[in-house]
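S.K.: Counting with full-length UniProt numbering, you get residues 1 to 168 for the letters of the sequence shown.
Careful: at least some of the hints might be erroneous.
What the hints assert, rightly or not - Taking CB as the label site, the calculated pair distances span:
no.: 1; residue 1: A158; residue 2: K64; range: 35 to 41 Å
no.: 2; residue 1: K153; residue 2: Q59; range: 26 to 32 Å
no.: 3; residue 1: D121; residue 2: G51; range: 25 to 31 Å
no.: 4; residue 1: E157; residue 2: G58; range: 31 to 37 Å
no.: 5; residue 1: G142; residue 2: F120; range: 27 to 33 Å
no.: 6; residue 1: D69; residue 2: A158; range: 25 to 31 Å
no.: 7; residue 1: G117; residue 2: P39; range: 32 to 38 Å
no.: 8; residue 1: D121; residue 2: G162; range: 17 to 23 Å
no.: 9; residue 1: R127; residue 2: L97; range: 22 to 28 Å
no.: 10; residue 1: A158; residue 2: K116; range: 19 to 25 Å
Simulated from the structure, these hints should not be mistaken for lab results.
Being a predicted model, the structure only gives us computed values, none of them experimental.
Idealized CB from N, CA, C, for every residue including glycine.
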Amino acid sequence: MRGSRASSRRSACVATAVPACSISSPAFWRRNRGVTELPDIYKNYIECLNGQDWERLGQFVDEKVVHNDRPLGLAGYRAMLEGDFCAIPDLCFTIQLLVSEPPFVSCRLWFDCTPKGELFDLPVNGRKIQFAENVFYKFQAGRIAQVWSIIDKSVIEAQLAGSARHLE
Numbered sequence: 001m002r003g004s005r006a007s008s009r010r011s012a013c014v015a016t017a018v019p020a021c022s023i024s025s026p027a028f029w030r031r032n033r034g035v036t037e038l039p040d041i042y043k044n045y046i047e048c049l050n051g052q053d054w055e056r057l058g059q060f061v062d063e064k065v066v067h068n069d070r071p072l073g074l075a076g077y078r079a080m081l082e083g084d085f086c087a088i089p090d091l092c093f094t095i096q097l098l099v100s101e102p103p104f105v106s107c108r109l110w111f112d113c114t115p116k117g118e119l120f121d122l123p124v125n126g127r128k129i130q131f132a133e134n135v136f137y138k139f140q141a142g143r144i145a146q147v148w149s150i151i152d153k154s155v156i157e158a159q160l161a162g163s164a165r166h167l168e
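Please build the complete structure, drawing on both the sequences and the hints.
M.R.: Shown next as structure tokens:
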């Protein structure tokens with residue numbers, strides 16, 4: 001009797017219509033890409049950034065990428081990143097925390113760097129600082145289509161205030 005209930009439940013599940021899912025739905029990623037693939041794509045993207053391998057950036061970033069609700073496109077996104085490396089010669093993206101729920105990736109990135117001049121309108125001017133960026137990505141067709149980024153500016157301000165006290 002118990003076995004027949006289970007099989008009737010199974011056939012009811014099979015008979016239930018499953019709506020077609022879009023490429024950006026979690027069901028699509030689980031069926032077609034695998035839940036673990038998105039973190040691997042993201043780690044390769046970070047490796048691309050750290051290597052400043054701009055020719056490969058389009059493998060990871062969509063042509064119409066949007067950053068903090070600003071449509072930048074791939075060229076604008078690349079220019080933003082190149083500007084970051086110009087302002088911070090020792091820039092290195094370090095993954096501190098990575099969570100994936102396809103089609104989204106969330107990451108806490110850690111930076112330990114020495115910006116040359118101003119950074120986020122703060123006079124860093126060659127001082128070593130540490131800060132985090134909390135960033136969310138939406139992937140479409142295996143590439144980053146949208147980015148929401150928040151940088152912990154207050155921790156930089158506190159470090160600069162501490163540096164100023166040490167100089168007095």
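S.K.: Run every hint past the structure and note whether it holds.
M.R.: Against the structure, the hints come out as follows:
1. The hinted range of 35 to 41 Å is satisfied by A158 and K64, whose Cβ atoms lie roughly 37 Å apart.
2. Distance hint for K153 and Q59: a CB-CB separation of about 31 Å, consistent with the stated range 26 to 32 Å.
3. Taking the beta carbon of each, D121 and G51 are about 29 Å apart, inside 25 to 31 Å as hinted.
4. For E157 and G58, the Cβ-Cβ distance of about 36 Å falls inside the hinted range of 31 to 37 Å, so the restraint holds.
5. In this structure the hint that G142 and F120 lie 27 to 33 Å apart at CB holds, the actual value being about 31 Å.
6. As the Cβ distance of D69 to A158 is approximately 28 Å, the hint placing it in 25 to 31 Å holds.
7. At about 34 Å, the CB distance of G117 to P39 agrees with the hint of 32 to 38 Å.
8. Under the hint 17 to 23 Å, the C-beta atoms of D121 and G162, about 18 Å apart, fit the expected range.
9. Range check, R127 to L97: about 26 Å between beta-carbon atoms, so the 22 to 28 Å window is met.
10. Remark: the range hint 19 to 25 Å for A158 to K116 is upheld by a beta-carbon distance near 21 Å.
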